[in-house]
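These protein sequences, in sequence, are chains A and B. Residues 1 to 285 in the working numbering are what the first sequence lists, from first letter to last. Residues 286 to 557 in the working numbering are what the second sequence lists, from first letter to last.
What the hints contain is simulated information worked out from the structure, not anything from laboratory work. Small disclaimer: the values here were computed from a predicted structure and weren't measured. Glycine residues also receive a C-beta, built at the ideal position from the N, C-alpha and C atoms. Check each hint, because a few of them may be wrong.
As the list claims (entries may be wrong) - Between beta-carbon pairs, the in silico distance windows are: (1) A:131 - B:512: 44 to 52 Å; (2) A:39 - B:300: 35 to 43 Å; (3) B:339 - A:39: 45 to 53 Å; (4) B:468 - A:99: 55 to 63 Å; (5) B:303 - A:15: 39 to 47 Å; (6) B:300 - A:49: 33 to 41 Å; (7) A:181 - B:303: 24 to 32 Å; (8) B:531 - A:52: 47 to 55 Å; (9) A:179 - B:303: 23 to 31 Å; (10) B:461 - A:45: 17 to 25 Å; (11) B:300 - A:45: 43 to 51 Å; (12) A:193 - B:381: 45 to 53 Å.
Said to hold, decoys possible - To be clear about the criterion: a stretch of chain A counts as covered by chain B if any three or more of its residues have a C-beta under 8 Å from a C-beta of chain B, and this derived list gives those stretches: (13) 51 to 63; (14) 142 to 154; (15) 220 to 233.
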Amino acid sequence: MGGGRRRLTPYLLLLPGAAWLLVFFAVPMALMLVMSLQQGSVSGGYHLTWNWGIYPEVAGQYGNLFIRSIGFALTATVLTLAIGYPVAYTIAFYGGRLKNALLLVVIMPFFVSFVIRTLNWRMVLSDNGLVFGTLKDLGWLDPAFRFLATPASVIFGLTYNFLPFMVLPLYVALEKIDRRMIEAAGDLYANRARAFLRITFPLSLPGVVAGSLLTFIPAVGDFINADIIGARNPEVAMVGNVIQRLFLSVNDFPAAAALGFVLVAGTMFLVGLYTLVVGTEGLTS
Amino acid sequence: MSSRVGRWLLPGFTALVVAFLFAPIVVMIAFSFNNPRGHQNITWQGFTLDNYLTIWSRPDITDPMVTSLTVAIVSTVVATAFGTMIALALTRYEFSGRGALNLLIFIPMSAPEIILGASLLTLWVSLGAGRGFLTILVAHIMFNISYVVVTIRARLIGFNKSLEEAGMDLYANERTVFWKVTFPLIFPGILAAALLAFALSIDDYIITLFSAGHTVTFPLWVYGASRIGIPPEVNALGTLFFMIAFVFIAVQVWAGRRGQGEAGAPVPVASR
């Protein structure tokens with residue numbers, strides 16, 4: 001073996017897939033940056049004018065939108081962590097032979113399409129729906145009460161839809177912990193709370209970080225929850241809703257591209273921090 | 286863990302969370318049997334199986350389903366082939382540019398989906414390309430490649446090279462060794478990757494929306510049809526898909542348990 005053919009083999013193997021990703025992922029990303037610096041209209045065509053001024057412009061116009069999106073996504077991330085950690089812990093430490101089956105039960109609802117799941121939540125949580133309609137009929141709730149279209153409703157949707165992204169990495173991290181270390185803490189007269197805080201939780205931190213990233217990133221760019229459960233209320237719109245509207249309805253491509261680029265730059269910053277910790281090999285394994 | 290927390294609190298909490306997770310699914314299944322008057326499918330009116338029977342004769346439902354299935358099958362086949370090749374290159378060869386390749390694979394998975402969709406739209410607009418079936422297909426292949434690479438790579442890392450060397454010692458040439466030894470060994474990984482790709486493709490709404498033009502896939506139809514209420518047919522189809530996935534996973538788990546091996550590892554789920 002050895003020789004030229006052997007050295008070429010890896011490149012031939014990765015060529016079609018890598019070329020596809022270059023042309024249909026990397027190039028479009030670069031084009032989006034270029035598009036944001038252009039001026040013009042759909043009918044008259046766009047010209048590259050290196051209009052960097054678009055960035056302060058969208059920052060001024062949509063700054064609040066970014067703050068809201070980050071706030072919603074952060075809140076949802078904290079909630080998924082608070083809900084997901086005990087679940088992952090229970091499965092990892094008390095699952096026994098049923099671990100895999102329990103994990104499947106947790107992710108099974110997500111075999112139903114994202115859109116259909118969210119639509120059914122909208123129905124359940126609607127003003128006169130199963131939950132609030134019943135409470136209103138019982139007289140326990142003000143008939144004017146509304147949950148849909150509130151910030152809480154969007155955060156609720158995000159929390160529900162991204163919960164498995166938190167539970168799975170948490171489970172993987174907790175499952176790997178050597179139980180003898182926790183027993184050792186007990187032998188050294190640490191009580192259970194202290195053993196958890198000093199041993200289990202620190203060792204599960206990689207899962208906490210990975211799960212938080214996997215939840216926060218799709219949540220901050222999401223527009224389906226704000227669209228469906230948020231009932232298109234502009235006051236709970238997220239940055240994704242505006243990008244979608246500017247691209248597909250208003251056709252203000254430069255502003256849409258600028259918003260998109262800011263979103264991707266922020267995301268890549270977070271991923272970059274993560275990469276510094278785990279390295280590029282760690283990203284895909 | 287103190288017995289009370291371990292025995293009651295944590296399992297109780299987990300059970301509550303599972304109930305929460307299944308709540309919209311239970312509602313979906315129940316309302317797929319609802320017999321609504323008018324378009325509002327929000328209160329229970331009566332039991333019927335009609336929703337399961339009428340969908341097959343409604344082209345406004347079956348056409349998007351056929352489109353979605355076609356896109357899912359073709360994109361799965363192409364992405365699985367390309368992704369398997371990349372995974373092989375990454376795990377069994379030395380070459381320069383690994384870091385860049387890892388990033389090229391990782392970033393599409395980590396960027397918000399709306400970015401992938403919107404940037405592709407920028408490409409279609411810049412090229413003056415009409416959007417439709419082909420652009421959807423291109424987009425789905427793109428986002429599926431990364432997931433395939435990651436899934437298969439995980440299987441290849443624990444791969445025992447001595448089996449291939451044994452093949453070589455027995456005078457098999459490289460091609461024979463690949464098809465007789467390597468491929469059968471990594472086939473479960475390829476299958477898992479293909480299933481994941483299929484699930485991601487058939488459920489994709491966000492990226493598709495930006496590449497669709499006037500072509501309607503199943504998730505796009507669902508979204509459009511549910512502006513006000515959810516037509517019972519949507520819940521019927523959701524229930525059918527859920528049942529198919531359920532049976533499939535149950536069989537896989539059962540087979541995995543019998544095989545006592547890695548085959549039972551759950552397929553990660555498409556949930557975006």
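Right, here's what the structure says about each hint:
no., hint, verdict
1, A:131 - B:512: 44 to 52 Å, "violated (22 Å)"
2, A:39 - B:300: 35 to 43 Å, "violated (57 Å)"
3, B:339 - A:39: 45 to 53 Å, "holds (51 Å)"
4, B:468 - A:99: 55 to 63 Å, "violated (31 Å)"
5, B:303 - A:15: 39 to 47 Å, "holds (45 Å)"
6, B:300 - A:49: 33 to 41 Å, "violated (60 Å)"
7, A:181 - B:303: 24 to 32 Å, "holds (29 Å)"
8, B:531 - A:52: 47 to 55 Å, "holds (52 Å)"
9, A:179 - B:303: 23 to 31 Å, "holds (25 Å)"
10, B:461 - A:45: 17 to 25 Å, "violated (57 Å)"
11, B:300 - A:45: 43 to 51 Å, "violated (60 Å)"
12, A:193 - B:381: 45 to 53 Å, "holds (51 Å)"
13, 51 to 63, "violated (count 0)"
14, 142 to 154, "violated (count 0)"
15, 220 to 233, "holds (count 5)"
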